[in-house]
Amino acid sequence: MDNKQLEDFIKSIDQDLEVRIGKQFTEVIVPPAKLYSLARQLRENEEAQFDFMFNLSGVDYGHDLGVVYHLRSTVHNHSIVLKTRTSDRENPQIDSLAGIWETANLHEREVYDLLGIRFTNHPDLRRLFLDSSWGFPLRKDYVDDINIVTK
Amino acid sequence: MRSIIEYLKEIFNGVLSLLRGMRVTAGYFFRPSEIVTQKYPNNRKDLVMFERFKGEVVMPHNESNEHKCTGCGICEINCPNGTIEVISKTIVTEDGKKKRAIDRHIYRLGMCTFCALCVKTCPSNALAFSQKFEHAVFDRASLIKQLNKPGSQLMKGVE
Amino acid sequence: MEEKVEIIATDEKQEFIVNMGPQHPSTHGVLRLVVSLQGETVKNIQPHIGYIHRGIEKMCESITYPQIIHLTDRMDYLSAHQNNESVCLLVEKALEVDIPDRIKVIRTIMSELSRLQSHQLFWATFGMDLGGQTCYFYGLRDREMILDIFEETTGGRMIVSYNCPGGLMYDIHPNFQKRVKDFIKYFRKKLPEYDTILTGNVIFRERTSGIGPLTLQDAISYGITGPSARASGLSCDVRKHEPYSAYDKVKFNEVLFSEGDTYHRYMARNDEMRQSMNTIEQLIDNIPEGPYAVKMKPVIKLPEGEYFQRVETARGELGLFVISDGNKNPYRVKFRSPNFVNLGVLNHLAKGFKIADLIAIAGSLDFVIPDMDR
Amino acid sequence: MRFDFIASYVSAFTGPWWKFLYDFSLLTTPVHEWLNGSVSPFWTTVIEMVVVGVVFLLFYAVVGLFLVYAERKVCAFIQNRLGPNRIGPYGIFQTIADLVKLLFKEIIPIKNADSLLFNIAPYIVIIVNFMALAAIPYANGLHAIDFNIGIFYILAVSSMSVVGVLLAGWSSNSKYSLIGAMRSGAQIVSYELSIGLALITIVILSGTMQLSEIVEAQRTGWFIFKGHIPAIIAFIIYVISSTAEINRGPFDMAEAESELTAGYHTEYSGIKFAFFYLAEYINMFIVASIAATMFLGGWMPFHIGNLEGFNMVMDFIPPFIWYIGKTFFIIWIIMLFKWTFPRLRIDQLLTLEWKYLLPINLVNILVMSFLVLKGWHF
Numbered sequence: 001m002d003n004k005q006l007e008d009f010i011k012s013i014d015q016d017l018e019v020r021i022g023k024q025f026t027e028v029i030v031p032p033a034k035l036y037s038l039a040r041q042l043r044e045n046e047e048a049q050f051d052f053m054f055n056l057s058g059v060d061y062g063h064d065l066g067v068v069y070h071l072r073s074t075v076h077n078h079s080i081v082l083k084t085r086t087s088d089r090e091n092p093q094i095d096s097l098a099g100i101w102e103t104a105n106l107h108e109r110e111v112y113d114l115l116g117i118r119f120t121n122h123p124d125l126r127r128l129f130l131d132s133s134w135g136f137p138l139r140k141d142y143v144d145d146i147n148i149v150t151k
Numbered sequence: 001m002r003s004i005i006e007y008l009k010e011i012f013n014g015v016l017s018l019l020r021g022m023r024v025t026a027g028y029f030f031r032p033s034e035i036v037t038q039k040y041p042n043n044r045k046d047l048v049m050f051e052r053f054k055g056e057v058v059m060p061h062n063e064s065n066e067h068k069c070t071g072c073g074i075c076e077i078n079c080p081n082g083t084i085e086v087i088s089k090t091i092v093t094e095d096g097k098k099k100r101a102i103d104r105h106i107y108r109l110g111m112c113t114f115c116a117l118c119v120k121t122c123p124s125n126a127l128a129f130s131q132k133f134e135h136a137v138f139d140r141a142s143l144i145k146q147l148n149k150p151g152s153q154l155m156k157g158v159e
Numbered sequence: 001m002e003e004k005v006e007i008i009a010t011d012e013k014q015e016f017i018v019n020m021g022p023q024h025p026s027t028h029g030v031l032r033l034v035v036s037l038q039g040e041t042v043k044n045i046q047p048h049i050g051y052i053h054r055g056i057e058k059m060c061e062s063i064t065y066p067q068i069i070h071l072t073d074r075m076d077y078l079s080a081h082q083n084n085e086s087v088c089l090l091v092e093k094a095l096e097v098d099i100p101d102r103i104k105v106i107r108t109i110m111s112e113l114s115r116l117q118s119h120q121l122f123w124a125t126f127g128m129d130l131g132g133q134t135c136y137f138y139g140l141r142d143r144e145m146i147l148d149i150f151e152e153t154t155g156g157r158m159i160v161s162y163n164c165p166g167g168l169m170y171d172i173h174p175n176f177q178k179r180v181k182d183f184i185k186y187f188r189k190k191l192p193e194y195d196t197i198l199t200g201n202v203i204f205r206e207r208t209s210g211i212g213p214l215t216l217q218d219a220i221s222y223g224i225t226g227p228s229a230r231a232s233g234l235s236c237d238v239r240k241h242e243p244y245s246a247y248d249k250v251k252f253n254e255v256l257f258s259e260g261d262t263y264h265r266y267m268a269r270n271d272e273m274r275q276s277m278n279t280i281e282q283l284i285d286n287i288p289e290g291p292y293a294v295k296m297k298p299v300i301k302l303p304e305g306e307y308f309q310r311v312e313t314a315r316g317e318l319g320l321f322v323i324s325d326g327n328k329n330p331y332r333v334k335f336r337s338p339n340f341v342n343l344g345v346l347n348h349l350a351k352g353f354k355i356a357d358l359i360a361i362a363g364s365l366d367f368v369i370p371d372m373d374r
Numbered sequence: 001m002r003f004d005f006i007a008s009y010v011s012a013f014t015g016p017w018w019k020f021l022y023d024f025s026l027l028t029t030p031v032h033e034w035l036n037g038s039v040s041p042f043w044t045t046v047i048e049m050v051v052v053g054v055v056f057l058l059f060y061a062v063v064g065l066f067l068v069y070a071e072r073k074v075c076a077f078i079q080n081r082l083g084p085n086r087i088g089p090y091g092i093f094q095t096i097a098d099l100v101k102l103l104f105k106e107i108i109p110i111k112n113a114d115s116l117l118f119n120i121a122p123y124i125v126i127i128v129n130f131m132a133l134a135a136i137p138y139a140n141g142l143h144a145i146d147f148n149i150g151i152f153y154i155l156a157v158s159s160m161s162v163v164g165v166l167l168a169g170w171s172s173n174s175k176y177s178l179i180g181a182m183r184s185g186a187q188i189v190s191y192e193l194s195i196g197l198a199l200i201t202i203v204i205l206s207g208t209m210q211l212s213e214i215v216e217a218q219r220t221g222w223f224i225f226k227g228h229i230p231a232i233i234a235f236i237i238y239v240i241s242s243t244a245e246i247n248r249g250p251f252d253m254a255e256a257e258s259e260l261t262a263g264y265h266t267e268y269s270g271i272k273f274a275f276f277y278l279a280e281y282i283n284m285f286i287v288a289s290i291a292a293t294m295f296l297g298g299w300m301p302f303h304i305g306n307l308e309g310f311n312m313v314m315d316f317i318p319p320f321i322w323y324i325g326k327t328f329f330i331i332w333i334i335m336l337f338k339w340t341f342p343r344l345r346i347d348q349l350l351t352l353e354w355k356y357l358l359p360i361n362l363v364n365i366l367v368m369s370f371l372v373l374k375g376w377h378f
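Heads up: the sequence lines are chains L, C, D and Z, in that order.
Position 63 of the first sequence, counting from 1, maps to 63 under this note's numbering, and the rest follow consecutively.
Position 116 of the second sequence, counting from 1, maps to 116 under this note's numbering, and the rest follow consecutively.
Position 152 of the third sequence, counting from 1, maps to 152 under this note's numbering, and the rest follow consecutively.
Position 343 of the fourth sequence, counting from 1, maps to 343 under this note's numbering, and the rest follow consecutively.
Quick caveat, the hints were computed from the structure, so don't treat them as lab data.
Idealized CB from N, CA, C, for every residue including glycine.
Some hints here could point you the wrong way.
[Said to hold, decoys possible] Here are the in silico distance ranges between beta carbons for each label pair:
hint	chain 1	residue 1	chain 2	residue 2	range
1	Z	88	C	139	33 to 43 Å
2	C	35	L	147	43 to 53 Å
3	L	91	D	290	52 to 62 Å
4	D	288	C	85	54 to 64 Å
5	L	147	C	77	14 to 24 Å
6	L	29	D	96	24 to 34 Å
7	D	96	C	157	53 to 63 Å
8	C	49	D	98	33 to 43 Å
9	Z	52	C	140	32 to 42 Å
10	L	1	C	140	56 to 66 Å
[Unchecked claim] List time: in silico BS3-like cross-link candidates among lysine-lysine, alpha-carbon distance up to 27 Å:
hint	chain 1	residue 1	chain 2	residue 2
11	C	120	D	295
12	D	240	L	4
13	C	120	D	104
14	Z	175	D	43
15	D	301	L	140
16	D	43	L	83
17	Z	226	Z	175
18	L	140	D	328
19	L	23	D	295
20	C	120	D	249
21	C	39	D	190
22	L	83	D	104
23	D	93	C	120
24	L	23	D	240
25	D	104	L	23
26	L	4	D	93
27	L	140	D	58
28	C	145	C	68
29	D	328	L	83
30	Z	111	C	9
31	D	354	Z	355
32	D	354	C	120
33	C	120	D	328
34	C	9	C	68
35	L	23	D	301
36	L	23	D	93
37	Z	101	C	39
38	D	297	C	68
39	C	120	D	297
Using the sequences plus the hints, can you model the full thing?
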């Protein structure tokens, strides 16, 4: 499917989703509540079959915290980007997709470690690189007077 | 019967593959001329590094102790990790104009990642890489170097 | 009777926990594997990483695009060229800069050389992991020649920093073509030796074939890329699917197997060495004339937006995801490093095999630890 | 005190003095007779034991250090390297310098280790080595003890070294060491069998277990040629299983560097580590000596049947040189094994023994017995 068909496909799943056609990928803005069911459908639908998650990145948008999922289908060879964001900075919670794509397991641990986004239903959500004495360094409001020196 | 033949064949092929491997290693054992390692500190004299080898950043000076650095600070801006610090001063030129010039060009070898951005972006080609590779010192302080030699001046014709 | 059952039950729970690493001869760096053993059989593996986490993604947020390149060298230090290239390609794509063919061809040759030396080192260390120490020295001996080529042209052996947005740092050295051709000639003679010592060896075959099989479904689900995935039959070569640089002009085969065990992961890399040599041979005599770099603005600012660039490194697909807010510094940089993703499958593969097989499986996935930790 | 033996030396030196090289009993018998005549038989035995002990101690150190050097040089040449080259010409004093360093190194006490067993383990390995060395015929007349069951004795003694290895692994309170020791136990117990059976094949041919007689029986040709096919098979099996017996690559599961860091001697340091290290090389020397003695004629020069002229020429080379040459040839082969092959897995190691070596060995013994009965050997 090309980008236009993907847009129609997403619309056929859920009318309310915001779909943008970017420079490279079709981007879908998903509220965290709908994320898991949409991902499940994208993975299992015969026409879509997004079986390969090739990237998962957490982003601090300043006010919101978000996660960007890059999906590809090894069968149909098309790609899509899912974006979700939550404005709760204190206790951000997003559904874990580790049950759909195994690779999300490590990626989500990394995002939790560096951005502090909690993934509900994650099988093993622990910090990955850093220990608990650190904050969440990839957040824009992270302060480290010793290690980050700005002139 | 067939299984016994298979069994023997398996053994024979296995032993053969091992012998082939041994032939290669034994071959090298009897050909010491192919040894590639060197007696390093003994051959220091004939060790020639490639001309582009990024040993350390230096500032070439000519015979009359002149360099090309104008003290513009572009290398400092381009350095990704604060290896270079340009301390400039204002001097008065012969025709009475005030001009920026280099006072000290500090280079911290211990921090340098040899990305070559300073050498590459220098507008007057004042910096270069030397081929020196033996950087080990006993004191960390001696890794901080001043690139412009004391008493050196800007080369004529370099703006 | 009941008592006996109880004893067996407690025995099964008794796990022998061995800490492999962070300093261990065969973890190739500071990877720590907490291995639960039952006898010699591996029950569970918990990888602990982060011993050389340097926060490259955070650092990237405060430096400019040309400066990012020297950090990518230090992620997967065996695929430094490809890592560099990912940043350059992304910047060039975002700014819509047209790159002359000469640059593209040189980048391709350099990438393939770097893949070649990475696979040579893989061969060397894989042999050593399995106990064949001599392989290590033969592998390094031949790799040294490629490093010399790198050093002559780029000034660095592993940390090359040769690409820059808009082209290359320097033009190729006048000796470059001759040296590469000499190397290919030399290595074509030496490669059969590799096969005699390791590939054909009956002990090696016994040690690797059937060990740690990875099915196609699992490879897709775990997001495995690179030779490890191609050994399972997943066609995931970015050079074929999304050709960048001069890969659309050369003929080479994507090495695919269907078995997916340790032996075929090894063979995939072994065959890729031959494919890389073919690719280089096609290009080395046909480097077009032209400039070695396009003039770029002194301060590179990407237009606001999100960019994604994939390149095929020696270990798999490196994804570079950049969010730009229009400044000279990126807003967010994410490296999807192949090693990090490949690590996830280790527990799945090694469960139920012996402790010696764990070493073989981990070796066949060809980890570079700095790339995991970033 | 009588000093007659000096007169016999003088007469020997005025005559063809190099006779000693061909028969060491010319050197030792006068001393023995002189001692017998001067002191009581008890003291004679004591003095001789001390002298032999000191000689073996020196021999042990020299052979051990030389083998370490030789291995480093051999592996360096195989791997296209120079190897040790700094201390002395071609680095021949490198191992002595290493030994001096190890002597001065601190012996690190291990927390929660069983200190008695931990300290005793290296000595067990060393003592076993000495016991085996005593029974080997080095040259004509150079033989410390000539048992009538010599080969049986060596087999019995050398299998004791596993006790030292197991103790080391158990007592050092390290998981790597324990795994290494357990592997080593399983390995040595199984390969003991192969070694025994391979040697029995030759014992059937020779009809004796006394090492001096075995060597003497090879005066008309080495057993590997006399017993042709079954002897060659036995020789190959012996070399393979002895490599496994001494825990060397490709069978170095017990120390498996890439898996267990250093196996059973992970926690040892200083001179105790050196003991293990030296013992490994002396073990190699012992198994190579046995192979040389049993299959390649020990110190016996290369003889072809009744070809007098040829045999005379070969006899000019002193027996000790023959012995050293053969032993080092086998040591070289064992080294080549280690530096060529990848390591086996523990279950493959046992498969090799029980599925391949043992059946072949048993068939081989049958063939050899048949051969001896029919007289179809040379």
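Consistency of the hints with the structure:
1. 88(Z) - 139(C): 33 to 43 Å: The hint (33 to 43 Å, Cβ to Cβ) holds, given that residue 88(Z) and residue 139(C) are roughly 34 Å apart.
2. 35(C) - 147(L): 43 to 53 Å: Distance hint for residue 35(C), residue 147(L) holds at roughly 47 Å.
3. 91(L) - 290(D): 52 to 62 Å: holds (56 Å)
4. 288(D) - 85(C): 54 to 64 Å: violated (42 Å)
5. 147(L) - 77(C): 14 to 24 Å: 22 Å Cβ-Cβ, so the 14 to 24 Å window holds.
6. 29(L) - 96(D): 24 to 34 Å: Given a distance of about 26 Å, which is inside 24 to 34 Å, the answer is holds.
7. 96(D) - 157(C): 53 to 63 Å: violated (39 Å)
8. 49(C) - 98(D): 33 to 43 Å: Since the Cβ atoms of residue 49(C) and residue 98(D) sit about 36 Å apart, the hinted range of 33 to 43 Å holds.
9. 52(Z) - 140(C): 32 to 42 Å: violated (59 Å)
10. 1(L) - 140(C): 56 to 66 Å: Check passed, 59 Å falls within 56 to 66 Å.
11. 120(C) - 295(D): holds (13 Å)
12. 240(D) - 4(L): Cα-Cα ~24 Å, so holds.
13. 120(C) - 104(D): holds (21 Å)
14. 175(Z) - 43(D): Distance ~16 Å between residue 175(Z) and residue 43(D) Cα, so the pair holds.
15. 301(D) - 140(L): holds (20 Å)
16. 43(D) - 83(L): violated (37 Å)
17. 226(Z) - 175(Z): Measuring from Cα to Cα gives roughly 49 Å; hence the hint is violated.
18. 140(L) - 328(D): holds (17 Å)
19. 23(L) - 295(D): Holds, at about 25 Å.
20. 120(C) - 249(D): With a Cα-Cα distance of about 31 Å, the restraint between residue 120(C) and residue 249(D) is violated, given a limit of 27 Å.
21. 39(C) - 190(D): holds (25 Å)
22. 83(L) - 104(D): violated (33 Å)
23. 93(D) - 120(C): Holds - the C-alpha atoms of residue 120(C) and residue 93(D) are around 23 Å apart, at most 27 Å.
24. 23(L) - 240(D): With a Cα-Cα distance of about 21 Å, the restraint between residue 23(L) and residue 240(D) holds, given a limit of 27 Å.
25. 104(D) - 23(L): Between residue 104(D) and residue 23(L) the Cα gap is close to 23 Å, so the pair holds against 27 Å.
26. 4(L) - 93(D): holds (22 Å)
27. 140(L) - 58(D): holds (10 Å)
28. 145(C) - 68(C): Between residue 145(C) and residue 68(C) the Cα gap is close to 18 Å, so the pair holds against 27 Å.
29. 328(D) - 83(L): holds (24 Å)
30. 111(Z) - 9(C): violated (52 Å)
31. 354(D) - 355(Z): holds (20 Å)
32. 354(D) - 120(C): violated (52 Å)
33. 120(C) - 328(D): Within the cut-off at roughly 19 Å; holds.
34. 9(C) - 68(C): violated (76 Å)
35. 23(L) - 301(D): The hint holds at about 17 Å.
36. 23(L) - 93(D): Measuring from Cα to Cα gives roughly 10 Å; hence the hint holds.
37. 101(Z) - 39(C): Holds - the C-alpha atoms of residue 39(C) and residue 101(Z) are around 23 Å apart, at most 27 Å.
38. 297(D) - 68(C): Measuring from Cα to Cα gives roughly 24 Å; hence the hint holds.
39. 120(C) - 297(D): With Cα atoms ~14 Å apart, residue 120(C) and residue 297(D) stay inside 27 Å; holds.
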